[in-house]
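Using the sequences and the hints given, assemble the complete structure.
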Amino acid sequence: DAGVIQSPRHEVTEMGQEVTLRCKPISGHNSLFWYRQTMMRGLELLIYFNNNVPIDDSGMPEDRFSAKMPNASFSTLKIQPSEPRDSAVYFCASSLRVGQEDNQPQHFGDGTRLSIL
Amino acid sequence: KNEVEQSPQNLTAQEGEFITINCSYSVGISALHWLQQHPGGGIVSLFMLSSGKKKHGRLIATINIQEKHSSLHITASHPRDSAVYICAVSSYATDKLIFGTGTRLQVFP
Numbered sequence: 018d019a020g021v022i023q024s025p026r027h028e029v030t031e032m033g034q035e036v037t038l039r040c041k042p043i044s045g046h047n048s049l050f051w052y053r054q055t056m057m058r059g060l061e062l063l064i065y066f067n068n069n070v071p072i073d074d075s076g077m078p079e080d081r082f083s084a085k086m087p088n089a090s091f092s093t094l095k096i097q098p099s100e101p102r103d104s105a106v107y108f109c110a111s112s113l114r115v116g117q118e119d120n121q122p123q124h125f126g127d128g129t130r131l132s133i134l
Numbered sequence: 053k054n055e056v057e058q059s060p061q062n063l064t065a066q067e068g069e070f071i072t073i074n075c076s077y078s079v080g081i082s083a084l085h086w087l088q089q090h091p092g093g094g095i096v097s098l099f100m101l102s103s104g105k106k107k108h109g110r111l112i113a114t115i116n117i118q119e120k121h122s123s124l125h126i127t128a129s130h131p132r133d134s135a136v137y138i139c140a141v142s143s144y145a146t147d148k149l150i151f152g153t154g155t156r157l158q159v160f161p
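Same order as they appear, the protein sequences are chains A and B. Positions 18 to 134 (the numbering used here) are the ones given, in order, by the first sequence. Positions 53 to 161 (the numbering used here) are the ones given, in order, by the second sequence.
Just so you know, not all the hints are guaranteed correct.
[Unchecked claim] No farther apart than 25 Å at their CA atoms in a straight line, the calculated lysine to aspartate or glutamate pairs in the DMTMM-like style are these: (1) B:K148 / A:D127; (2) B:K148 / A:D73; (3) B:K148 / A:D74; (4) B:K148 / A:E61; (5) B:K120 / A:E61; (6) B:K148 / A:D80; (7) B:K148 / A:E31.
[Claimed, not checked] Sample of chain B residues with no beta-carbon within 10 Å of chain A, all distances over it, derived: (8) T64; (9) F70; (10) H85; (11) V96; (12) L111; (13) I117; (14) Q118; (15) T127; (16) Q158.
The set of hints was computed from the structure by calculation and includes no laboratory data. We put the CB at the ideal spot given by N, CA and C, even for glycine.
Laid out in structure tokens, this is it:
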């Protein structure tokens, strides 16, 4: 089975540039999550979608960050304009949510290592 | 105070030793997750549990809901177990995970 696929694996760009990270969740999963990992703050949830609808975006740092999920098999996280403090590893994860209380394990992609110079 | 606390932050062991990593949380949860992250690598879900104990190979995870505490045990540790182990909890009604800061484990031959 193909896991969660993220692209690119690495991105190095200059500050002020637009950055787009991509994620393809596991087929059949209906929840998708974007996380950011830094040395200082560890793993943080940025936003999550259920059935393609954003449910909680309270972790999105500021208006420079936006995320979309146009269909069940694709999501993007965009940063515009990018700043050096956005440098981090960004993970996408997906899971199958069934019912109100039945949580299933999340499956993580390999992450995108982003460096803003 | 963090909602999810892990201890120890760093742990070194000799190959073959029994290892315990602890996790305490302060919020109501529907499940607790143990994740593994190798250096420079992705994140793998090891366990998801809401009560009792689960075992997978040399790994055992336990949870005490009343005490809001979980432990991850590794029996007969091996250098390939060297990784960061992360505890995370998911709240009622959402899949939203709240993460601990992780425990960095190094197992030496």
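Hints versus structure:
1. B:K148 / A:D127: Status holds; Cα separation ~19 Å.
2. B:K148 / A:D73: 9 Å, holds
3. B:K148 / A:D74: Holds, at roughly 11 Å.
4. B:K148 / A:E61: 10 Å, holds
5. B:K120 / A:E61: 21 Å, holds
6. B:K148 / A:D80: 21 Å, holds
7. B:K148 / A:E31: 32 Å, violated
8. T64: Holds, because the least Cβ-Cβ distance between B:T64 and chain A comes to about 20 Å, which exceeds 10 Å.
9. F70: 25 Å, holds
10. H85: B:H85 not clear of chain A: closest Cβ-Cβ about 7 Å, inside 10 Å.
11. V96: 7 Å, violated
12. L111: 14 Å, holds
13. I117: 14 Å, holds
14. Q118: B:Q118 clear of chain A: closest Cβ-Cβ about 19 Å, beyond 10 Å.
15. T127: Non-interface label on B:T127 holds, nearest chain A Cβ at 22 Å vs cutoff 10 Å.
16. Q158: 17 Å, holds
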